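Enquirer: Read off the chains here:
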Amino acid sequence: MNFFNFFLLFLLTFNCYAQDKIKLLDTLNSNFFKVELLKFYKEKYNVFNSNLNINTSGQTKLSKTIYLEYQEEFLEKIKSDNFISDKSINDYAQNLLLEILEKNKLNKKDYKILISKDPEINAYNSGDGTIVVNFGLFTILDSEDELVFVLCHEVSHQELQHVKKEVESFVNLQTSEEIVNKTKEIKKLKYNRSRAANTFLLKLNYKNYFHRRKKEIEADSLGFYFYLKTNRDLKKSTTLLEKLNESNKEKNSLTVQDYKVLFETGAYKLKNKYFEIEKSIFNKYDYKPAYQIDSLKTHPDCSTRIKKIEKFIKNQNFRSASSEGFLEIKKNADYQNLYNLYLSGEFGICLYETLKKYKGSNDLFYENLIFLTLVDIKKAKENQTLSRCVPQVDYVYNSESLNRFITLMNNLKSSDLEILIQKFK
Amino acid sequence: MKKIVLGVLLIFTQFVVAQMVELSKLSSGKLYDSDVIKDEKNNIKGYFLLFESDKIQKETYILEYVVLDENLTKVTNGYIEEMKYSSLLLKADKITVDLTLYNDKLLIELNDYANEGGKFYRRYRTLDLSNNKMSDIFIFRNGKVEIKPEFDRKLKNYNDNQTDEIVGVNGVGLIAVKEGKDDAGKDKYLVCLDDNFSKKWKTTYEVAKNNYGFKNLEFLNSSNNFIVFSNHYTKGGYYKPVNSIVAFDAITGKLNFEFLFSNQDKYTHKVVDSYINNEELTLLGNYSKKSDYGFINDEENLGLFKIILNLKTGKILEEKFLNWTELSSKIEINKYGEIKKEGFVFVHELLQLSNGKTIAVCEAFKGSPVTTNNIYFLEISEKFSFNKFLVAEKFRNKFPGTSAFSSDIKEFGAFDYMDFQDLDDDEFLFYFRDNEKKSKNRNQNTKFGIVSYSNEEFNKKQLNLKTDISTIFAYPAKKGYIMLIEFFDAKNKPSQIRLEKVNM
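Line by line, the protein sequences are chains V and Z. Just so you know, my numbering puts 31 at position 31 of the first sequence, and the rest follows in order with no gaps. Just so you know, my numbering puts 1247 at position 247 of the second sequence, and the rest follows in order with no gaps.
Hint data in this document are derived by calculation from the structure and do not stem from the laboratory. Since this is a predicted model, take the numbers as computed values, not measurements. In this text, a Cβ means the ideal position worked out from N, Cα and C, and glycines have one as well. All clues given are correct.
To be clear about the criterion: a stretch of chain V counts as covered by chain Z if any three or more of its residues have a C-beta under 8 Å from a C-beta of chain Z, and this derived list gives those stretches: (1) 184–198; (2) 271–281; (3) 386–396; (4) 409–416.
Please take these sequences and the hints and turn them into a complete structure.
Expert: Right, here's the structure in full:
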């Protein structure tokens, strides 16, 4: 942890001490943690790579390429401090995972759990026994049981060896006679070559995505079985999926009036033109990529998954219970998640989400975070690098509220930002 | 916002496509051409890209077009069938696009393009922005619009396989310009077309050769009530030193007047920009000593002019001239617009402000060898006299062994001045390549220059695009923004495109 981050952590913790105490995760041992983690995974990958044993040499080479590329990417994540080093949260997560493994009599030594700083609501299994939970997931969880269900789902992927099987089937497909012959055949075509190649690729991808969706249902099914053994509230499996289904929808928004309340003072007024979004000349956004994404989603819809799980919930229920450890993480999850956004340099989104939380709350932690992000946004603006830390206006994917925020950030002058910085200092 | 999923790590998505290199190569498109979509104030509102997708038979291809909005979000795409000429003598390398935004539509001019032969076989399509519907190909030939014409592309049929010019006129529609005599040797005329290509009106602009020769019109400006063309006479296949302005009533097509620039026996005029305000047309340009073919004489360039005409009658309401010598107390410039040690003045822009003032953007250059030098930003008073200036000193670009007229230097993009953005309320941003004045190797000193005009003041800013890990290219983008395209040195790091608001 560098001095600057330590200072920020101190600042945020200290200033919020007067109100209900907010304790951010400890990052003091991050360097040691990183070194140890790198060592662990390098050794693990060395053993794994030396044991790769696939039928033909061509296939082995391709498998190795896939694994090596993934491993390199994972090591890069460790190097760039992507994983939380705080001992208490890591111990908590590891114990929760052990509970699942023990109750299901699974081999504990194959598994490791890591918490990523990533604010995206997600978790994944990397195929080598590592389960990664993004910190963002904690912001939507209301019960430890929901987290346990997520872990059960990821453990199932591991137990079913989905990653390994997927690599194998992919390698087999790549080196299959079907692909080789079809490629030769298409190459010989004088006309309509691209259409033939696209059609064939599409067919292969449909097949591949179909299998991956099937794997998700399998993981839900086995995951639910593992979850059953933990004696936790079965209904939490479906409440989690419902929340995941809703997690893409933006909650809360910021209006022009909100900004006036948040930013204006007796002497300082925001100019109305700062909020003016240039009108697009386009009336309809109907871009269709060559591959129809809806048909190629790797995961089945949450509603389908809920229906499948609900069949097993009848007459089996336990009361939901969350440990002290979970409640402690959950208590500060929103703060920590915003702080993670700040640390990752996503100053725009960090400020936008913090302002939404701050609106009406006047929470000191948020106030300090607003100050910090404004300082960095001003710096970026002066260096003409604002677009590196504030997203772009997007009429398709962004909400009107987010586009308004982006427009405002772009239009504020350095002098305006300085006034706002002083207000939140 | 991005779709969020929970589950097994998606490490294979990229491989599914990336590993099938061979197949992917066969299916991916090749970029033919792209163009920006600009509004009437010269601000970028989107981008149009054209890719070759497939060859379906001899000389016939399926092309994919992709439209992006000003924020680079994909708006629409589609596939069109186009011919691309190929023979032993001439083979088109690609198909080019040139866009005009008018009445919620894009007029798309398509041309075959050969590296050795330039553009040929012009034809058009329109893209209706209300429903993103792409029209069939259409051409205006022998005085008639032909939709989905059958092309018989032999060089002997060259003229029958391409269109006369069609202009997209905001507030009016499409205006087809009958450029030559028709089959019966009849008049030259304009035809105004509605959305279904039906004739709204037709007006004859030339019955026979007059004393100056034949008219050769080029669209200049329009409003809901008037359409204005500049005209350069030709005789015996050569341009003549006679230029005029021809104005029509946009509703009826009636020819309102032809205005011949004064003293054409002594001077040649070039309109750089024009403005229509109700019934007044303002022409802003520069003039030189008369040249034989009626093009501005780079080495005897005398100054700037402002002429205001009544659009109904053609009557001169105001005519003012500003000679370069008026600047000589501030800039070392002679009466022919030659700046000491820098070269002659090329006028890129003449922008009219709401208070009657004019902004002139000029770049010093030499035609032989082609050399571009500093850029001068001038503020000209309402009375058309010189007020103040800002000089943007920049790297001297010299292309040894070359020789060209200013118009060719402009066409081939060899000037450093790039473009301007109109920010409203008499505020502008001007962009140019701004390599260091004293640098020996311009590639290692990539700079991007911006000059703003705001509150009647010029200000200059220079962006350093050099980084230790990447190469950055900058271009004007949507109103008030620049586009930065960054190519990273690291092999696996994909290039980034960002839009950055300009802070002045």
